[in-house]
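Residue numbers (the numbering used here), protein chains in the order written: chain A, 3 to 136; chain B, 3 to 136.
Bear in mind the hints are in silico, worked out from the structure with no lab data behind them.
It is possible that part of the hints are untrue.
Which copy is meant is left open, so a pair is good if it fits within one copy or across any two.
Unchecked claim - Below, a list of computed lysine to aspartate or glutamate pairs in the EDC-like style, where the Cα atoms sit at most 20 angstroms apart:
| id | residue 1 | residue 2 |
| --- | --- | --- |
| 1 | K70 | E52 |
| 2 | K61 | D108 |
| 3 | K105 | E50 |
| 4 | K70 | D108 |
| 5 | K30 | E111 |
| 6 | K105 | E130 |
| 7 | K105 | D62 |
| 8 | K116 | E126 |
| 9 | K61 | E126 |
| 10 | K116 | E50 |
| 11 | K105 | D119 |
| 12 | K70 | E50 |
| 13 | K30 | E52 |
| 14 | K54 | E25 |
| 15 | K30 | E50 |
| 16 | K30 | E126 |
| 17 | K116 | E52 |
| 18 | K70 | E125 |
| 19 | K70 | E126 |
Number of protein chains: 2
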Amino acid sequence: MPVEKDARLKVKGVREPSSGLFEVISDKGLARLGDSYLNFLYSMALSEAEGKPTGARLKDRTLVEVAKATGIRSMLPNRTPKGRVADSIEALIVYTLLRGMLKFEDMMEVFRRKLYDPVSSLEEIVREAVNRLT
Amino acid sequence: MPVEKDARLKVKGVREPSSGLFEVISDKGLARLGDSYLNFLYSMALSEAEGKPTGARLKDRTLVEVAKATGIRSMLPNRTPKGRVADSIEALIVYTLLRGMLKFEDMMEVFRRKLYDPVSSLEEIVREAVNRLT
Numbered sequence: 003m004p005v006e007k008d009a010r011l012k013v014k015g016v017r018e019p020s021s022g023l024f025e026v027i028s029d030k031g032l033a034r035l036g037d038s039y040l041n042f043l044y045s046m047a048l049s050e051a052e053g054k055p056t057g058a059r060l061k062d063r064t065l066v067e068v069a070k071a072t073g074i075r076s077m078l079p080n081r082t083p084k085g086r087v088a089d090s091i092e093a094l095i096v097y098t099l100l101r102g103m104l105k106f107e108d109m110m111e112v113f114r115r116k117l118y119d120p121v122s123s124l125e126e127i128v129r130e131a132v133n134r135l136t
Numbered sequence: 003m004p005v006e007k008d009a010r011l012k013v014k015g016v017r018e019p020s021s022g023l024f025e026v027i028s029d030k031g032l033a034r035l036g037d038s039y040l041n042f043l044y045s046m047a048l049s050e051a052e053g054k055p056t057g058a059r060l061k062d063r064t065l066v067e068v069a070k071a072t073g074i075r076s077m078l079p080n081r082t083p084k085g086r087v088a089d090s091i092e093a094l095i096v097y098t099l100l101r102g103m104l105k106f107e108d109m110m111e112v113f114r115r116k117l118y119d120p121v122s123s124l125e126e127i128v129r130e131a132v133n134r135l136t
């Protein structure tokens, strides 16, 4: 699979988990980075939708919904707390950004196409990420 | 001043305050967007510094220190609460990103040069932003 590095959003010398999907969605460091990334991405999409700068944080509930719809939830143990389920989506999406599999602008395009619906946009991004990882 | 739009981080159709520095640092929508942007930028810089993905939120205290050192604090009324002082830095930095005056990668370069010290890095970014705005 050709992986094109994103010149804008690269981080030098960051070790990324090179292994499979389960390792990625379980990585706590990726989840922390992904939390800030997803809130920025969502705030940029929301700003574009509203036609003026604004910001908002994605709720765990929203990310859990995405995890269920895309099958990511079923890869985690049954009793995984809601916050850790949300983490899995944050980790996976920022991982595809760091690896250059999807770029920031690609993700913004998904939000545009999905009329800025966060659940539906993030579902499409996660499906694309899983396709590229497996 | 030549302003090159950043192809990666553009937002379509967002009205930006076209006016002066005071309007920018007082814009609440920009502050909300800037909050998510600065936390993402800082988390990426921190990930690079530590050599592995991680994330952290910038404290208001840190941003107040930057506002004082760069003279932005003195443009705001004396009794402005700490959170609103922090907002002014968030608004200004994301405004320079939206206008393409400084790109994400330019800001990451500042963090690298300043050995990832957040106060010192953000000070340099704010000084550069003010130079380009005034």
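### Message
Could you work out which of the previously given hints the structure breaks and list their numbers from low to high?
### Response
Hints 1, 2, 4, 5, 7, 12, 16 contradicted; others consistent.
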